[in-house]
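Input sequences plus hints: build the corresponding full structure.
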Amino acid sequence: MYPIERVEPLNAEVTRMVVRAPEIARKIRPGQFIMLRIDERGERIPLTMNECDPEAGTVTIVFQAVGATTMRLAQLKAGDALLDFAGPLGNPTELEGARRACVIGGGLGTAIAYPQAKWLHEHGCEVDVITGFRNKDLILLEDEINACSARQIIMTDDGSNGNKGLVTQALQQRIDEGADYDLVLAVGPVIMMKFVAATTRPYGIKTLVSMNPLMIDGTGMCGGCRVKVGDEYLHACVDGPDFDGHLVDYDGAMRRGVMYRSFESAAREAAEGRDCNGGADGERKGA
Amino acid sequence: MATSYEVNRQKEKTPISELDPAERAKTFDEVALGYTEEEAVAEARRCIQCPNTPCVSGCPVGVPIPRFVEQVAEGNFARAYAIVKSANSLPAICGRVCPQETQCEGVCTRGRNGEPVAIGRLERFTSDWAFAHPDEAAAAMDGLREECAAGDELACSIWRGAEGAVSQDLAGKRVAVVGSGPASLTCAGELVKRGCDITVFEALHKVGGVLTYGIPEFRLPKDLVQREVAKLGDKGVSFEVNALVGKLYDIDELMEDRGFDAVFVGTGAGLPSYLGIEGEGLNGVSVASELLTRVNLMKAYQFPEYETPVYAGKKCVVVGGGNVAMDAARTAKRLGADVTVVYRRGREEMPARAEEVHHAEQEGIKFQLLTNPVRILGDDNGWACGVECVRMELGEPDASGRRRPTAVEGSEFVIDIDMLVVAAGSKTNPLIAKTTPGLEVTPRSLIVADERTGATSKPGVFAGGDAVIGAATVILAMGAGKRAAAGIAEYLTQG
Ligand SMILES: Cc1cc2nc3c(=O)[nH]c(=O)nc-3n(C[C@H](O)[C@H](O)[C@H](O)COP(=O)(O)OP(=O)(O)OC[C@H]3O[C@@H](n4cnc5c(N)ncnc54)[C@H](O)[C@@H]3O)c2cc1C
Ligand SMILES: Cc1cc2nc3c(=O)[nH]c(=O)nc-3n(C[C@H](O)[C@H](O)[C@H](O)COP(=O)(O)OP(=O)(O)OC[C@H]3O[C@@H](n4cnc5c(N)ncnc54)[C@H](O)[C@@H]3O)c2cc1C
Ligand code: SF4
Ligand code: SF4
Ligand code: FES
Ligand SMILES: [Mg+2]
Numbered sequence: 001m002y003p004i005e006r007v008e009p010l011n012a013e014v015t016r017m018v019v020r021a022p023e024i025a026r027k028i029r030p031g032q033f034i035m036l037r038i039d040e041r042g043e044r045i046p047l048t049m050n051e052c053d054p055e056a057g058t059v060t061i062v063f064q065a066v067g068a069t070t071m072r073l074a075q076l077k078a079g080d081a082l083l084d085f086a087g088p089l090g091n092p093t094e095l096e097g098a099r100r101a102c103v104i105g106g107g108l109g110t111a112i113a114y115p116q117a118k119w120l121h122e123h124g125c126e127v128d129v130i131t132g133f134r135n136k137d138l139i140l141l142e143d144e145i146n147a148c149s150a151r152q153i154i155m156t157d158d159g160s161n162g163n164k165g166l167v168t169q170a171l172q173q174r175i176d177e178g179a180d181y182d183l184v185l186a187v188g189p190v191i192m193m194k195f196v197a198a199t200t201r202p203y204g205i206k207t208l209v210s211m212n213p214l215m216i217d218g219t220g221m222c223g224g225c226r227v228k229v230g231d232e233y234l235h236a237c238v239d240g241p242d243f244d245g246h247l248v249d250y251d252g253a254m255r256r257g258v259m260y261r262s263f264e265s266a267a268r269e270a271a272e273g274r275d276c277n278g279g280a281d282g283e284r285k286g287a
Numbered sequence: 001m002a003t004s005y006e007v008n009r010q011k012e013k014t015p016i017s018e019l020d021p022a023e024r025a026k027t028f029d030e031v032a033l034g035y036t037e038e039e040a041v042a043e044a045r046r047c048i049q050c051p052n053t054p055c056v057s058g059c060p061v062g063v064p065i066p067r068f069v070e071q072v073a074e075g076n077f078a079r080a081y082a083i084v085k086s087a088n089s090l091p092a093i094c095g096r097v098c099p100q101e102t103q104c105e106g107v108c109t110r111g112r113n114g115e116p117v118a119i120g121r122l123e124r125f126t127s128d129w130a131f132a133h134p135d136e137a138a139a140a141m142d143g144l145r146e147e148c149a150a151g152d153e154l155a156c157s158i159w160r161g162a163e164g165a166v167s168q169d170l171a172g173k174r175v176a177v178v179g180s181g182p183a184s185l186t187c188a189g190e191l192v193k194r195g196c197d198i199t200v201f202e203a204l205h206k207v208g209g210v211l212t213y214g215i216p217e218f219r220l221p222k223d224l225v226q227r228e229v230a231k232l233g234d235k236g237v238s239f240e241v242n243a244l245v246g247k248l249y250d251i252d253e254l255m256e257d258r259g260f261d262a263v264f265v266g267t268g269a270g271l272p273s274y275l276g277i278e279g280e281g282l283n284g285v286s287v288a289s290e291l292l293t294r295v296n297l298m299k300a301y302q303f304p305e306y307e308t309p310v311y312a313g314k315k316c317v318v319v320g321g322g323n324v325a326m327d328a329a330r331t332a333k334r335l336g337a338d339v340t341v342v343y344r345r346g347r348e349e350m351p352a353r354a355e356e357v358h359h360a361e362q363e364g365i366k367f368q369l370l371t372n373p374v375r376i377l378g379d380d381n382g383w384a385c386g387v388e389c390v391r392m393e394l395g396e397p398d399a400s401g402r403r404r405p406t407a408v409e410g411s412e413f414v415i416d417i418d419m420l421v422v423a424a425g426s427k428t429n430p431l432i433a434k435t436t437p438g439l440e441v442t443p444r445s446l447i448v449a450d451e452r453t454g455a456t457s458k459p460g461v462f463a464g465g466d467a468v469i470g471a472a473t474v475i476l477a478m479g480a481g482k483r484a485a486a487g488i489a490e491y492l493t494q495g
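Those sequence lines, one after another, are chains A and B.
First residue of the first sequence? That's 1 in the UniProt record's numbering, and the numbers climb one at a time after it.
First residue of the second sequence? That's 1 in the UniProt record's numbering, and the numbers climb one at a time after it.
What the hints contain is simulated information worked out from the structure, not anything from laboratory work.
Honestly, I wouldn't trust all of these hints.
Claimed, not checked - One-sided excerpt, in silico: chain B residues whose CB lies under 10 Å from chain A:
id, residue
1, Tyr213
2, Glu305
3, Met392
Claimed, not checked - Straight-line distance between alpha carbons at most 20 Å, and here's what the computed EDC-like set of lysine to aspartate or glutamate pairs gives:
id, chain 1, residue 1, chain 2, residue 2
4, A, Lys228, B, Glu278
5, A, Lys206, A, Glu272
6, A, Lys228, B, Asp379
7, B, Lys458, B, Glu256
To be verified - Ranges of calculated distance between the beta carbons of each label pair, as one might list FRET restraints:
id, chain 1, residue 1, chain 2, residue 2, range
8, B, Lys314, A, Leu83, 30 to 36 Å
9, A, Gly57, B, Thr27, 30 to 36 Å
10, A, Glu8, B, Glu305, 28 to 34 Å
11, A, Asp231, B, Gly470, 21 to 27 Å
12, A, Arg41, B, Thr27, 44 to 50 Å
13, A, Pro54, B, Asp450, 37 to 43 Å
14, B, Lys235, A, Asp231, 15 to 21 Å
Beta carbons: idealized from backbone N, C-alpha and C, even for Gly.
What follows is the structure, encoded as structure tokens:
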């Protein structure tokens, strides 16, 4: 069992949780993730390390309650424990050598990208961070990011923070202003990563994207997390989760990402305690 | 050929009760129900006690088959169990999953004129009986110990193999076992007998390897696997789950920081192979291990009570002809799909256990043999909707003696599907190879290990099972685990 030491809501949808896992805390690096199972009946879900404290023996995760498991996770309290917490999984992001980086976070992706921004900052790289949210109430980790970036640009879809627009617009503007990035790292919805890669492609800027396909084992065994990169299928759990943004088949990834949607809504309804016959019978409800 | 009992001349095996095919195709309950005591005795009496014991040489771990069968024939079930246990630490599992027709039963004398003795079913019977009668089974073990103490050599050899302390020399030595499939469980069991302090590291949250995540409940009940694991726990083996070696610790760290004197690597061959044809990224297409992991490890057939979902269509094609393909096909069937197995060679060449192919047919699974998929077709939403196949014909035997299938020109046809499962084999995960300096591996990432001792190129590191020979069988993995345990014992007493 892995005791939960602290739980703290960051906004209405996002929770920060500190879990005791000393062995993992010693080992895990920015870009790596863990897979957890709440209890015997739970599913395995991947969540990225947001912070780790090897001395205290803790790993921090930040997650958005989007479905049955994350909703249930958000209800746990300090003093509860998780049945399984496996990691570190995946590869650390390759950040060595970057001098001028732009780290881009879309929504919850901001929390996933934060440790990379911090690592780059601590290793002498000049870091711009561009983040995007639906509205100002959902903005994440503003103070933490301020502390580890040369520049933080926060975009909102509705302009409620006074800065309406997409992260790609901000990125384009920075490039036009002459920001001479040697690395762009994008973490967020697949569609966002697709457009970030499209933005940097004409300039040949090295672009890493963090793919988040469905995962089951997380050890390279089930093939469920395969992503087409160039001509080959790679497993995000062992070959990623970061890939060359200019080679990823985003459309394929988006299609696969919704394959289980009808099940997910059934599970969510079950978790919310409502009647849930629809979708749980294994019938394909279309994409 | 002297037997102490009257030989049963019946040509066929004593039938085993099974769940009705139509009924069982809807549940995950075990298909074969096992022999009753009467049936077991009747079947055991088909053995003619051949003096040259061909069956024993057909068994990779040398179970003294006529010896245990004789005890079943006499109704001494507890003693029969003790004898089986002397050579095979997981008889309840092997009795169910060994490819008996190519091993022990394949060379049984009775098989020359009729069906062989049902050695696998008898092995299963003795261990299920022992589980139901633990006190009598324990008494049989004690009995052997006493006979051994009184100087009976046969009793000694059985007792030592089954339970006995071979030597306590290894007390205080610590061995890390990586992976928890049959190779690892056997190695751990053998070493704990010798007094070693053993920790098993398993990447997943449950122990058992393929026995837990791969082979379905209807063939190998998961409780039975966990029962064997619990027995090892009672003997003092520790298990650390959620421990992916190569990420959480690497092998050098296990030896240097965590103080293990030796390491056994039994990490299997879990990396899936794809067909390499167009359309494998479509929705509705998965490899068998995804389907099987969702269903077996995560119990997705009980969704939403268990939270992991599993997609099953109405029209499923499974590509492959091995045990994995049969398991995937029968699993998809139980989830409600109409299933066709597509295999590029003929029935004779199918590597699956004969019984599984037979069970699959009984359950209504269709076979398109000598057929190869060439591309998977998708609909506008990106879901698989058809698979284009081509007919094959078998050519001349190749170096391996198998006849090579070649495509018949112009024979393309399409099978309508909404689900396709690829069961085209598996490879070794390169993680251990990549993170263990000094460990020699083949270009396919198979670990190079001495056949007799399991020793690898790295001192103190041993390996066995699928990680060394590629996807094979439970009993071969167990044999390798046992030999490696002896190799480790030798290494630790010298060192
Ligand atoms: C490598 C990796 C790192 C991730 N890191 C984070 C993180 O730090 N914080 C965070 O909030 N989310 C993260 N995610 C996504 C997170 O795993 C999913 O949001 C979560 O699994 C949803 O589960 P659910 O039951 O609550 O929702 P569901 O209703 O089951 O699913 C909602 C959506 O989440 C995704 N999802 C569902 N099941 C899985 C699964 N088994 N594996 C991956 N994605 C799934 C799908 O896109 C799905 O449409 C990460 C995903 C990956 C692959
Ligand atoms: C679906 C299916 C059906 C089969 N049916 C039969 C059958 O009927 N009869 C038969 O004889 N054989 C059958 N086989 C083959 C048989 O199961 C294998 O040959 C056997 O299990 C191999 O045993 P093993 O101990 O080498 O490895 P495995 O059983 O593969 O176990 C390896 C374990 O190591 C773990 N692991 C891997 N890497 C690491 C790591 N880095 N750190 C920690 N843990 C790790 C894995 O998670 C896994 O649990 C079947 C296989 C499959 C997949
Ligand atoms: S272990 Fe397998 S091969 Fe050996 S006797 Fe038992 S069933 Fe036959
Ligand atoms: S070969 Fe068959 S008949 Fe002969 S001893 Fe073995 S099991 Fe009995
Ligand atoms: S999650 Fe199974 S292979 Fe990556
Ligand atoms: Mg879910």
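> Holds or violated: is the Cβ of Tyr213/B closer than 10 Å to a Cβ in chain A?
Replying inline: Where the cut-off is 10 Å and the nearest Cβ of chain A is about 8 Å from Tyr213/B, the hint holds.
> Is Lys206/A close enough to Glu272/A, meaning Cα to Cα at most 20 Å?
Replying inline: 43 Å, violated
>> Within 28 to 34 Å: is that where the Cβ-Cβ distance between Glu8/A and Glu305/B falls?
In response: 31 Å Cβ-Cβ, so the 28 to 34 Å window holds.
>> So if I understand the rule, the pair passes when the alpha-carbon distance is 20 Å or less; does Lys458/B with Glu256/B pass?
In response: 14 Å, holds
> So the hint says 30 to 36 Å: do the beta-carbon atoms of Gly57/A and Thr27/B match that?
Replying inline: About 45 Å separates the Cβ atoms of Gly57/A and Thr27/B, which means 30 to 36 Å is violated.
>> Lys228/A and Glu278/B were given as a pair; does the straight-line alpha-carbon distance stay at or below 20 Å?
In response: The hint holds at about 12 Å.
>> Given Glu305/B as an interface hint, is its Cβ closer than 10 Å to any Cβ of chain A?
In response: 7 Å, holds
>> Hinted pair, alpha-carbon criterion (20 Å max): Lys228/A, Asp379/B. Please report holds or violated.
In response: 19 Å, holds
>> Please check whether Pro54/A and Asp450/B have a Cβ separation lying inside 37 to 43 Å.
In response: With Cβ atoms ~39 Å apart, the hint holds.
> Measuring from beta carbon to beta carbon, are Lys235/B and Asp231/A in 15 to 21 Å?
Replying inline: For Lys235/B and Asp231/A the Cβ distance comes to about 50 Å; the hint is violated.
> Once the shortest beta carbon distance from Met392/B to chain A is found, is it less than 10 Å?
Replying inline: Since chain A brings no Cβ nearer than about 25 Å to Met392/B, farther than 10 Å, the hint is violated.
> So the hint says 30 to 36 Å: do the beta-carbon atoms of Lys314/B and Leu83/A match that?
Replying inline: 35 Å, holds
Hint compliance for this structure: hints 3, 5, 9, 12 and 14 are not met, and every other hint is.
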